[in-house]
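**Student:** For reference, the chains in residue letters:
2 protein chains.
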Amino acid sequence: MIKILITGAAGFTGVKACAYFLKEGYEVYGMVHKNTPKEEKIKFLSCDLMNHEEVEATLKSIKPHYVLHLAGQNHSGVSWDKPIPTFMANANGTLNLLEGVRLHSPQAKIIVVGSVIDFNPCYLTKPNHPYGLSKYVQTLLSSCWSTMFDLNIMIARPSNLIGPGPSNGICSLLAKKIALNERTSTSIEFHFHNLLDQRDFLDVRDAIKAYHTIFKYGKKNNSYTIASGNSKSLVDVVRVFKDLTPTNLMITTDFFQRVEPIRIDIKAIKLLGWEPQYTFNQSLRDSLNYHRGNFF
Amino acid sequence: MIKILITGAAGFTGVKACAYFLKEGYEVYGMVHKNTPKEEKIKFLSCDLMNHEEVEATLKSIKPHYVLHLAGQNHSGVSWDKPIPTFMANANGTLNLLEGVRLHSPQAKIIVVGSVIDFNPCYLTKPNHPYGLSKYVQTLLSSCWSTMFDLNIMIARPSNLIGPGPSNGICSLLAKKIALNERTSTSIEFHFHNLLDQRDFLDVRDAIKAYHTIFKYGKKNNSYTIASGNSKSLVDVVRVFKDLTPTNLMITTDFFQRVEPIRIDIKAIKLLGWEPQYTFNQSLRDSLNYHRGNFF
Chain A
896 MIKILITGAA GFTGVKACAY FLKEGYEVYG MVHKNTPKEE KIKFLSCDLM NHEEVEATLK
956 SIKPHYVLHL AGQNHSGVSW DKPIPTFMAN ANGTLNLLEG VRLHSPQAKI IVVGSVIDFN
1016 PCYLTKPNHP YGLSKYVQTL LSSCWSTMFD LNIMIARPSN LIGPGPSNGI CSLLAKKIAL
1076 NERTSTSIEF HFHNLLDQRD FLDVRDAIKA YHTIFKYGKK NNSYTIASGN SKSLVDVVRV
1136 FKDLTPTNLM ITTDFFQRVE PIRIDIKAIK LLGWEPQYTF NQSLRDSLNY HRGNFF
Chain B
896 MIKILITGAA GFTGVKACAY FLKEGYEVYG MVHKNTPKEE KIKFLSCDLM NHEEVEATLK
956 SIKPHYVLHL AGQNHSGVSW DKPIPTFMAN ANGTLNLLEG VRLHSPQAKI IVVGSVIDFN
1016 PCYLTKPNHP YGLSKYVQTL LSSCWSTMFD LNIMIARPSN LIGPGPSNGI CSLLAKKIAL
1076 NERTSTSIEF HFHNLLDQRD FLDVRDAIKA YHTIFKYGKK NNSYTIASGN SKSLVDVVRV
1136 FKDLTPTNLM ITTDFFQRVE PIRIDIKAIK LLGWEPQYTF NQSLRDSLNY HRGNFF
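Protein chains in written order, with the working numbering: chain A, 896 to 1191; chain B, 896 to 1191.
Hints in this document: simulated from the structure, not taken from any laboratory. Worth double-checking, as some hints may not be accurate.
[Unchecked claim] With a straight-line cut-off of 20 Å between C-alpha atoms, the simulated PhoX-like cross-links for lysine-lysine are:
{"no.": "1", "chain 1": "B", "residue 1": "K955", "chain 2": "B", "residue 2": "K938"}
{"no.": "2", "chain 1": "B", "residue 1": "K1162", "chain 2": "B", "residue 2": "K1115"}
{"no.": "3", "chain 1": "B", "residue 1": "K918", "chain 2": "B", "residue 2": "K933"}
{"no.": "4", "chain 1": "A", "residue 1": "K1111", "chain 2": "A", "residue 2": "K911"}
{"no.": "5", "chain 1": "A", "residue 1": "K955", "chain 2": "B", "residue 2": "K977"}
{"no.": "6", "chain 1": "B", "residue 1": "K955", "chain 2": "A", "residue 2": "K977"}
[Stated by the list, open to error] Far from chain B, some chain A residues (derived; all Cβ distances over 10 Å):
{"no.": "7", "residue": "H947"}
{"no.": "8", "residue": "E994"}
{"no.": "9", "residue": "H1024"}
{"no.": "10", "residue": "N1047"}
{"no.": "11", "residue": "K1104"}
[As the list claims (entries may be wrong)] Pair by pair, the computed Cβ-Cβ distance ranges are:
{"no.": "12", "chain 1": "A", "residue 1": "W975", "chain 2": "B", "residue 2": "K958", "range": "35 to 41 Å"}
{"no.": "13", "chain 1": "A", "residue 1": "N946", "chain 2": "B", "residue 2": "N930", "range": "56 to 62 Å"}
{"no.": "14", "chain 1": "A", "residue 1": "E1155", "chain 2": "B", "residue 2": "M896", "range": "53 to 59 Å"}
What you are looking at is a predicted structure, and each value in this text was computed from that prediction instead of being measured. The beta-carbon is built from N, C-alpha and C at its ideal position, and this holds for glycine as well.
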């Protein structure tokens, strides 16, 4: 039975990744920072990724075949107030994990989940925020550890993940407000910085299938961008939600500044046989139903 | 009186930098990890750069005008055995220092001392060792903190520093063996990997003058390579030492592989008015005399 260790197992992606790999027949170990959930089939364990001795002991006891590294500080806004914890969570946490694998499970396949928004120092000398820098260092460390220590590390760079579950993403926050409003019958207000901003949204369940595809067919030290390949404006988000709820949405924005659609290249992951399955509308519907309490 | 805080004050460069800036009329604060030396004029203080609260308290109490960041793990060989401590010393130590400055002394001029051997990810995807990666992340963090938080950070990238004092550099190690041999009248043996390897050696006293020049005339977020501009082979090192000692040197080498001379571009620092003063021979002579015990 293939053992998979998933870090950040209590997070938006983590919870669903644990359930997915369990259903696919894996022996699933879910690493959380503290308060391990009670679950019979998934083996939850608490481990502080900042503590390299704890991480090493965990890897030594499990010796996983696959490691899916989802844990991290994923909020760019927070990174301005907490640059040190952001850097430590994303850079040092990853380093400690890779060292644990190197020392105790060097044959394991590892997917480090970065972000499409990390910056490329060859084109851009100034990242937008400490979060972007921390994600770049995370993928740099991963790539270097793969080549320097001959480890089977692959990097996944997902776009904005949406779908059912609690997330701090803009779609989930809006769905949550709508669901609240439906219950209390108040008129909700939601603020956007620039309503014409463009994003690539991908369903979290499609992302997890992409990680599975990378474990099976991905090449060592390759980087895979995972996205829908479609650009949506925040107006598109609002429009879909308006069709899904009878409630009145009051949208405010600082300005309407036209932004070019973004085109994310997903050739590499498509070549491995992956295609997104969920439509944008389906993802937003499931997100809203989750927050209404009727999606499990 | 201008206050300068020097980290790594007990190191090869640090000891001489403290003495130099004191002589130049600065109020010198020497940060060491532990065991503060007894000295009347230099204000030594112990502080663990890995502990960001300690670092912040130190910056808050001193509020320096200049910060010369010399502390770090500077041995590439050690980095293979201790990749986590190397990364933490060079990346996290620098991050904690920059955050301390940002929060408590944001007007300060900071020189972060990197290395000419950090790698450039635009040309080379594989650094040679975890040390090279840690130095690259150190300078990347410095450059990002300068632009993202508008701090007055400059980067100095010295080549191989030589001269009087205890150092783990190849010239100092050889000088130490020669001095020992002169006292014990045994024939020493010294091993090189490739005797034809080329290096750029610079006197540590010239490097300190370069740091002073950068504090006075350097531009924010600029990077200055500090080197002699001359390439020397290890054969050149041996030749100079042979002329300085009556003792018999037995040099062994794994092989003689011809290496192209290296040319390091030092235009930027020369434009600020700096020129190296010490000749290669003088530096090696002073190094040997230091290890003989008659250089103070």
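**Student:** All the hints need checking, so say for each whether the structure fits it.
**Tutor:** Tested hints:
no.: 1; hint: K955(B) - K938(B); in the structure: holds, 15 Å
no.: 2; hint: K1162(B) - K1115(B); in the structure: holds, 17 Å
no.: 3; hint: K918(B) - K933(B); in the structure: holds, 18 Å
no.: 4; hint: K1111(A) - K911(A); in the structure: holds, 19 Å
no.: 5; hint: K955(A) - K977(B); in the structure: holds, 18 Å
no.: 6; hint: K955(B) - K977(A); in the structure: holds, 18 Å
no.: 7; hint: H947; in the structure: violated, 6 Å
no.: 8; hint: E994; in the structure: violated, 6 Å
no.: 9; hint: H1024; in the structure: violated, 7 Å
no.: 10; hint: N1047; in the structure: holds, 16 Å
no.: 11; hint: K1104; in the structure: holds, 29 Å
no.: 12; hint: W975(A) - K958(B): 35 to 41 Å; in the structure: violated, 23 Å
no.: 13; hint: N946(A) - N930(B): 56 to 62 Å; in the structure: violated, 27 Å
no.: 14; hint: E1155(A) - M896(B): 53 to 59 Å; in the structure: holds, 54 Å
Of the numbered hints stated above, those contradicted by the structure are hints 7, 8, 9, 12, 13, listed in ascending order.
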